[in-house]
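Asker: Got chain S sorted already, so can you dock chain X onto it with the hints?
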Amino acid sequence: NAGVTQTPKFQVLKTGQSMTLQCAQDMNHEYMSWYRQDPGMGLRLIHYSVGAGITDQGEVPNGYNVSRSTTEDFPLRLLSAAPSQTSVYFCASSYGPGGYGYTFGSGTRLTVV
Amino acid sequence: KNEVEQSPQNLTAQEGEFITINCSYSVGISALHWLQQHPGGGIVSLFMLSSGKKKHGRLIATINIQEKHSSLHITASHPRDSAVYICAYRRGNEKLTFGTGTRLTIIP
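Keeping their order, the protein sequence lines are chains S and X. Residues 1 to 113 (our numbering) make up the first sequence, in order. Residues 1 to 108 (our numbering) make up the second sequence, in order.
So that you can see chain S by itself, here it is in the shape it has in the complex (with noise of 0.2 Å):
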């Protein structure tokens, strides 16, 4: 089925482990991005891809790194995990920043100990 596949859906990691998220899109879509949820937050972006080898920075990027080297894939990495970066990360795509098609990833519960 067409849509954003992400993994893992669980994972825990220690203290200063690092990890990817995969994220992958067959919809051809330009943007994709990140985010992370907190309980009473909303959603906020950490990272964002507006195309094949262009990234940029959202509201919470500190951490975390994402590479774009083709369309579908956009990997989010925790170089040196903490626990204040535990949360649900989801992976979305769409036809442009503004959401038109917007498609989420079914989610990453991350535990950092």
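Simulated from the structure, these hints should not be mistaken for laboratory data. Keep in mind the model is a prediction, meaning the values are calculated, not measured. Heads up, the beta-carbon is just placed ideally off N, CA and C, and yes, glycines get one too. One should not assume that every hint holds.
Said to hold, decoys possible - Label-pair distances were calculated between CB atoms; the ranges are:
{"hint": "1", "chain 1": "S", "residue 1": "26", "chain 2": "X", "residue 2": "56", "range": "43 to 49 Å"}
{"hint": "2", "chain 1": "S", "residue 1": "77", "chain 2": "X", "residue 2": "80", "range": "35 to 41 Å"}
{"hint": "3", "chain 1": "X", "residue 1": "18", "chain 2": "S", "residue 2": "69", "range": "25 to 31 Å"}
To be verified - Straight-line alpha carbon distances no greater than 16 Å define the calculated EDC-like cross-link-like pairs of lysine to aspartate or glutamate that follow:
{"hint": "4", "chain 1": "X", "residue 1": "53", "chain 2": "X", "residue 2": "67"}
{"hint": "5", "chain 1": "X", "residue 1": "95", "chain 2": "X", "residue 2": "3"}
{"hint": "6", "chain 1": "X", "residue 1": "68", "chain 2": "X", "residue 2": "5"}
{"hint": "7", "chain 1": "X", "residue 1": "68", "chain 2": "X", "residue 2": "3"}
{"hint": "8", "chain 1": "X", "residue 1": "95", "chain 2": "S", "residue 2": "59"}
{"hint": "9", "chain 1": "X", "residue 1": "95", "chain 2": "S", "residue 2": "26"}
{"hint": "10", "chain 1": "X", "residue 1": "95", "chain 2": "S", "residue 2": "30"}
What the hints assert, rightly or not - Covered stretches of chain S (in silico footprint by chain X; criterion: 3 or more residues with CB under 8 Å from a CB of chain X, positions within the stretch not fixed):
{"hint": "11", "stretch": "42-52"}
{"hint": "12", "stretch": "102-113"}
Answerer: Below, chain X alone, put in the same frame as chain S:
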């Protein structure tokens, strides 16, 4: 203070009731989105609207640009409508700004 205010934060209703969820914002916007997040966590886009009203099945979304207010209505509510409903706005080509959501529970 969140730039997008949703009310109520939590809503419990009986099956069949008419549901209204409200979203208010304080800036001029280009479009407003309504999203649904199911208990399993997945998020689905329901509507994107910039004026007037849109309808999809039992869901109706309205927006009043002058009053900076949008509502999501659910007619003949059903337990499967239980979810968190999130509104988000866009200004120009900027990214979306999200509300914190309204948790809806429909009791059989």
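Asker: Give a verdict on every hint.
Answerer: Verification of the hints:
1. A hinted range of 43 to 49 Å is violated for the C-beta pair residue 26 (chain S) and residue 56 (chain X), which are about 24 Å apart.
2. For the pair residue 77 (chain S) and residue 80 (chain X), the beta carbons lie near 37 Å from each other, so the given range of 35 to 41 Å is met.
3. Separated by about 49 Å at the C-beta atoms, residue 18 (chain X) and residue 69 (chain S) break the suggested range of 25 to 31 Å.
4. Of the supplied pair hints, the one linking residue 53 (chain X) and residue 67 (chain X) holds, its CA atoms being roughly 15 Å apart against a limit of 16 Å.
5. Proposed proximity of residue 95 (chain X) and residue 3 (chain X) is supported: the alpha carbons are some 13 Å apart, at most 16 Å.
6. Under the criterion of a C-alpha separation no larger than 16 Å, the hint pairing residue 68 (chain X) with residue 5 (chain X) is consistent with the structure, at around 11 Å.
7. For the proposed pair residue 68 (chain X) and residue 3 (chain X), the alpha carbon gap of about 11 Å is at most 16 Å, so the pair holds.
8. Using a Cα cut-off of 16 Å, the hinted pair residue 95 (chain X) and residue 59 (chain S) holds, with the two alpha carbons roughly 10 Å apart.
9. Distance hint between residue 95 (chain X) and residue 26 (chain S) is unfulfilled; the C-alpha atoms sit about 21 Å from each other, more than 16 Å.
10. Between residue 95 (chain X) and residue 30 (chain S) the CA atoms are separated by roughly 14 Å; this keeps the pair inside 16 Å, and the hint holds.
11. Counting residues of the stretch 42-52 of chain S whose CB lies closer than 8 Å to any CB of chain X gives 5, which reaches the minimum of 3, so the coverage claim holds.
12. Evaluation of the coverage hint for the stretch 102-113 of chain S: fulfilled, as 6 residues show C-beta separations to chain X shorter than 8 Å, against a requirement of three.
Comparing the model with each earlier hint shows violations of hints 1, 3 and 9; every other hint is respected.
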